[in-house]
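Just so you know, the protein sequences line up as chains A and B, in that order.
Here the first sequence stands for residues 63 to 548, numbered as in the working numbering.
Here the second sequence stands for residues 537 to 1027, numbered as in the working numbering.
Be careful, since some hints might not be right.
The calculated lysine-lysine pairs, modelled on DSS-like cross-linking and capped at a C-alpha distance of 27 Å, are [to be verified]:
hint: 1; chain 1: A; residue 1: Lys353; chain 2: B; residue 2: Lys916
hint: 2; chain 1: B; residue 1: Lys776; chain 2: A; residue 2: Lys150
hint: 3; chain 1: B; residue 1: Lys919; chain 2: A; residue 2: Lys353
hint: 4; chain 1: B; residue 1: Lys916; chain 2: A; residue 2: Lys150
hint: 5; chain 1: A; residue 1: Lys515; chain 2: A; residue 2: Lys480
hint: 6; chain 1: A; residue 1: Lys353; chain 2: B; residue 2: Lys776
hint: 7; chain 1: A; residue 1: Lys89; chain 2: B; residue 2: Lys776
hint: 8; chain 1: A; residue 1: Lys460; chain 2: A; residue 2: Lys526
These are computed hints drawn from the structure, not numbers from a lab.
Nothing here was measured: the structure is a model prediction, and the numbers come from that model.
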Amino acid sequence: MTYIIQGETGDWEVVIGLEVHAQVSSKAKLFSGASAGFGGDPNTHVSLVDAAMPGMLPVINEYCVEQAVKTGLGIEAEINLHSVFERKNYFYADLPQGYQISQFQYPVVGEGTVTLDMVDGSQRHIGIERLHMEQDAGKSMHDQDPKRSFIDLNRAGVCLMEIVSKPDIRSPEEAGEFVRKLRSILRYLGTCDGNMEEGSMRADVNVSVRKVGSDELKTRTETKNVNSLRFIMQVIEVEAGRQVEVWESGGEVVQETRLFDVARNETRAMRSKEFAHDYRYFPDPDLLPLKLSEEYVAMIKASLPELPDQKKERFIREFGLSVYDAGVLVQERETAAYFEEAATGRDGKQAANWVTTNLFGALNKLGLSITESPVSAANLGKLLDLQADDTISGRIAKDVFEIMLDTGDDPERIVEEKGLKQITDTGAIEAAVDEAIASNPEQAQQVRDGNGKAIGWFVGQIMKATQGKANPGAVNQMLRDKLSSE
Amino acid sequence: MAALNELTIAEAGRKLDAGEISAQELTQDCLDAMAAARDMNAFVTETPEIALERAAASDARRASGDTVGPMDGIPVALKDLYCTEGVLTTASSHILDGFIPEYESTVSANLRDDGAIMLGKTNMDEFAMGSATVTSYYGPTKNPWTLDDGKDRVPGGSSGGSATAVAAHLGLAATGTDTGGSIRQPASFSGIVGMKPTYGRCSRWGLVAYASSLDQAGPMTKSVEDAAIMLQSMAGHDPKDTTSAPIDLPDFRAALTGDVRGLKVGIPKEYVIDGMPEEIGALWKQGAEMFRDAGAEIVDISLPHTSYALPTYYIISPAEASSNLARYDGVRFGLRVDGDSLDEMYANTRAEGFGTEVRRRIMIGTYVLSAGYYDAYYVKAQKVRTRIAQDFDAAFNDVDVILTPTAPSPAFAVGEKMDDPIAMYLNDVFTVPASLAGLPGVSVPAGLSAEGLPLGLQVIGRAFDEETMFRAAHVLERQAAFTAKPAGMRG
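One chain only, chain A, in its complex shape (with noise of 0.2 Å):
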């Protein structure tokens, strides 16, 4: 699966980092009371601390440092059992501290990796270089008003974790398939909610080019807050393209931020004034060095939800899935626990074929999430339940299942009042056999003749005869015992 651009020169291959950012799912700011919930009028969740008032002091809110802790364990991580929190100084008017509350050199997670099922059922081991804590910065609105911007601090002093990873990626397919993973792993912890739409989820996409076969690391840009899966592959294939560009015609790549244009489908360069920070880091002198215990980390730990990676372990073990299916299954927790709830006691195979195929199909056309169904895990177990026992056929079940996703009606019921159950009545099948076999004696002697197509016809006729209720095996094997015996 190699991402390769053909230059003129030569074959070039990208090298991807991503700095995520990743809200703290949290009531509270990182270092105030105030609620740190999305929406809200502006500047309605705003304490005397996030407006910076003279005098005022942070004071570590201790439920995101917990989150921060559990994702780390998340990503397999190793937790730094002393961090530091430093300002990040700079001047901006949606930053009322001027400066950001931050970890520089000592964060509290250190190196870890996110494991990612490529689509070709390879896997790519993706390095984490570090998570640390930090305070978002409030919003500025430049189009409000002809001459003023106005400022509206609800977002800041939110805890955002800010996620690093090597420059271990080497496609836009990889990039997208990592902040996946990592959000689905995230979303299993409960540290963040991964809304990419609210601004929950956001990633700083740093990206260079070599030659294929070289491994020098070449000049990177940053292209800031890309704020959906799409946008981050599409930002990689665009630059790294440009890149290529650049270098091919004998041009320079400068180490710069750059800024993704939607409407152009195009990065370009921020303006030297947006960036051009010494930002003059320093130990935040009002506040103590983070200081986690061995057992505090160990508490967390032993607190762990199962991750995705070892719900695929088990739903491949326990259920005999596929890992490719399986790897489907568990991305969102809420589907894993559907398909678990659904599967449990029955075919799983059979269960994940209905949950990845008829389900998600269904829900994708009704535009509907999986907490959202219609079909609940319980109904959708009982409907294989009902063509497990042979109650009713696969063909029937379609249509139940449709009954099903109209109504939210109990499959056990639908079968029951629509008289949908198989016939397994011999004679009743045997009457309809003899039957078409007495109705269409060209056909029947072709089967005779030794034509197994034929036979599959036959049973065509009789299950529309039987409106689909009769055993198709049954049919099958009374045809070939009737038309072999004569």
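For this one, chain A is given, so just place chain B on it according to the hints.
Showing chain B alone in chain A's frame:
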């Protein structure tokens, strides 16, 4: 009978308890003294209505037997670095024009809750940056101590307004803040007691920040006993300040046993500096003798990194200040001077809003934190700071307290050293080391210069051992028997 404003906290407390005086009478005398002394410019804001209202409330509590403690009914002045709910708070800076906080600092709230009466907000060096109370946007404060040369003396700084308020009996006591000596040095210049607690003893919540790792609130009083009484009210753990220590308070007043027999008093040899007036050295020797006379043991000690303390301080404190003062940007409160762009508005506001000394320290601080200089300055300074703290740790293996001069000179005339920041910075040479180490220190008036200006001696204690420090300072105060008064106040 002397005017009530000349009483100490302890004396006034006894009279209030005995029903001889009321808090309202006591407060009125202070307000009258303040009105008569406006030329000293000790206050940026006077709050007579609040004072009289709280005095009446205190008297009512006393009448119904609900007095809340030894500060109940005691009129005090607050340095204008303490945010006070509903009362203009300026840090003596133009940039905080019109800033009226909606909140009360923890320390002033503690005092208020213990019944202390706020008289007003005292003048100071702008943002506590200075040693003479001459950098205030509201003009210099005068020291009540004068000589016959007709020149006004500075009260020291940065808590100079508070020092003058206490020395001139405008209040019974005042709060100060001390970052590198801003309580102790003005106390020495003004003939009063000024005490800086251990870093972490008092909450910094609601104090306009100068250098966060050094700033501490403390009492400025007429006696060591008063300092102990007042600190008891001011101090205590505050969950809103994570650098405040979660340690129970001892009974500071009970520590004043008057007995220092067997106490080991260290005399650090490095505190003899070039150019120090002989009379300061002589007073220091006398102080040691006073301790010996009282039964203490004098021990020569060494604090080898002392000479690096001042340069270390003048890297760390401006570094923190440059960041702490970034919030004064004209966006949300205080002064705004418009410009054609956001950057221009920042530049205009900060250029006009900050005085020369504040701008100088912001620039020094910005410089030492800059890429390429950070390791050489800030990181190095932090290492030296650790060494300085280790010096004290080692010394305190051998001694219980350390005795030093408080300042290298008596109060100088207003206008002197103004154009020589280095000479001004030298004022803090004896107070800065204990600040860097986070240790408690108290200046006690111990004598007069040859010309007749007060001189203080500093007692430094172990971290969170204010009790031993107070006990020693109390004995030093008794032995020194400093009774001199400023010229204008001699009966």
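Inset, instruction - Find the hints from earlier in the document that the structure breaks and name them by number, from lowest to highest. - result: The structure conflicts with hint 5 only, although it agrees with all the remaining ones.
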